[in-house]
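A.B. asks: Chains as they are written, first to last, in the numbering used here: chain X, 1 to 437; chain C, 438 to 602.
No lab work stands behind these hints, which were simulated from the structure alone.
Heads up, a few of these hints could be off.
What the hints assert, rightly or not - Facing chain C, from chain X, some residues (calculated, C-beta under 8 Å): (1) 111; (2) 116; (3) 127; (4) 131; (5) 132; (6) 139; (7) 142; (8) 145; (9) 149.
Backbone N, C-alpha and C define an ideal beta-carbon position, used for all residues, glycine too.
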Amino acid sequence: MSANTTRTIKVGVLARVEGEGSLRLKIKDDRVLEAKLAIFEPPRFFEAFLRGRAYSEAPDITARICGICPVAYQMSACHAIEDAFGVQVVGPLRDLRRLLYCGEWIESHALHVYMLHAPDFLGYEDAIRMAQDHPEAVKRGLRLKKVGNAIMTLLGGREIHPINVRVGGFYKVPARRELGALIDDVKWALDAALETVRFAATLPFPDFERDYDFVALQHPSEYPLNEGQLGSSNGFGEGKSQISIGEYEQHFTEEHLAHSNALHSVINSRGAYFVGPMARYALNYDVLPPVAQQAASEAGLGRVCRNPFQSIVVRAVELVFACHEALRIMESYETPERPFIEVQPRASSGYGCTEAPRGILYHRYRFDDHGVILDAKIVPPTAQNQKTIERDLFELASRHLDLPKDELQWRCEQAIRNYDPCISCATHFLDLRLEKA
Amino acid sequence: MNSAKVLVAGVGNRFRGDDGAGQAVISELRNWALPAAVELIELSGEGAALMEAWRGYETVILIDAVRSGAEVGTLHRLEAGSQCLPKNFVLFSSHAFGVASAIELARTLGELPAHVIVYGIEGQSFAPGQTLSAAVAAATSMVARRILGDLDVEPAATGRKRSPA
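The shape of chain X in the complex, shown without the other chains (with noise of 0.2 Å):
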């Protein structure tokens, strides 16, 4: 590498991941100078279309966001609304959304750690080659994925785009039996999610460890999913270690920045900060079921996971978690004596967040006093990772600059792949250019 130069590395599309964007690298002699997440496709305009709409219409029209994570966008929706319109759903109906969601996380998850993100640990192009070789890895990672659809179809009325949750709860709810004809399926797949830790365990990671701000819900008691305060481990000031859902605006700010489509969340004084599974798990160890504890600790991590490449174990911790909290949830069912809780509409502003398979969705919304959408405020965790992102492959470019341009240009794909973006989510499409002029 001669000196005194300029390089810009430009890479085409960034496969793998969900959307369409691009990254860009500027080096400079031996030091990088930037490297910028773009995303070209134009910004989403669900909030505002949202508004001068039914509050009871928004968890459908949300849900449209991400193919992905329907239902993560539905229950921010309906947390929501249901904070603005001061009802609470408890029992049954409050399991079987979490039941939804875990079936939501098993399948977004399977997806991302066998047919996303293993390859680039074993060397392949894609799922497609990797099969070639690993076909039971392949073929167990379709089938986990597929027990997550079932919960998803059975719960949601259908695979895509889930058609059967309202504010309040449900339009229909399954019977005992309908859910006791996906124990075995699900007894399955924890084993399946078992496998999986110890699969994800002995892929070779890069010695890569950054003192991430984690940003996640927590709850005293259960992994969350759907409910809990936003904790941060370095905290928000003032002593504060929690803030509620209410607060958010008040500790995040989005910047929206020339090279991207998408806003830029930060934590207010301090900057960028990391959400999703690595995220919750530091935040949430303590609650996390021991089957989970233990598969965890055999794969070798601690309470704490700092290194982004290893996110795939700890996102296959969360399948064994989703997976024994699903079952759980199926024994003990009670079919609800009705499908949802009546909700009042008032004029008022409501507050929802809860964690998607990529982490924290914040929704807001303000309505008249027929329910009817004033304005609404969305904010996905792909937006809110973009800026560690790029914090990432500004220290991973710098400590490899020696690398043929080829290698540094895989690195950098994986670890944008690292967070398994949903740039679908964030607006739209991912394509990395990696410059050395």
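Based on the hints, put chain C in the right spot on chain X.
C.D. replies: Below, chain C alone, put in the same frame as chain X:
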């Protein structure tokens, strides 16, 4: 067993402009009296769901929007059961693991149905919205008729269940 059955899958997203082409074809086919062995389904194009959907079928007909650089509305027809998809044949998908990947992965795992016919309709705009480009809308009717031919359904003989909108 579904072995004698035919799956016709419209793939895409009705809310992403021309990406709704595959589902539009399915809507059109629903207007016809089809043999009982024919199953119509609409899918998002997420690969694993697709592999699950065609499991056990001997014949699957997929309809999807395509970006290959051809003129908008151009109709592509490929027999994917016996040959790999050409590299420039990009089935439009915002999914990380999409239709083309599902076909090739299933082939690798020995799980691809024996007969796979892919109809690709060259799209133009994939921006959010529910409108098909005029040339794409015209192509969807043509594809529906081609599929009726694949299924040995004589449009004139069977007649429509009802007039399409």
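A.B. asks: Against the structure, test the hints numbered earlier, and report the numbers of the ones violated in rising order.
C.D. replies: Hint check: nothing fails, all pass.
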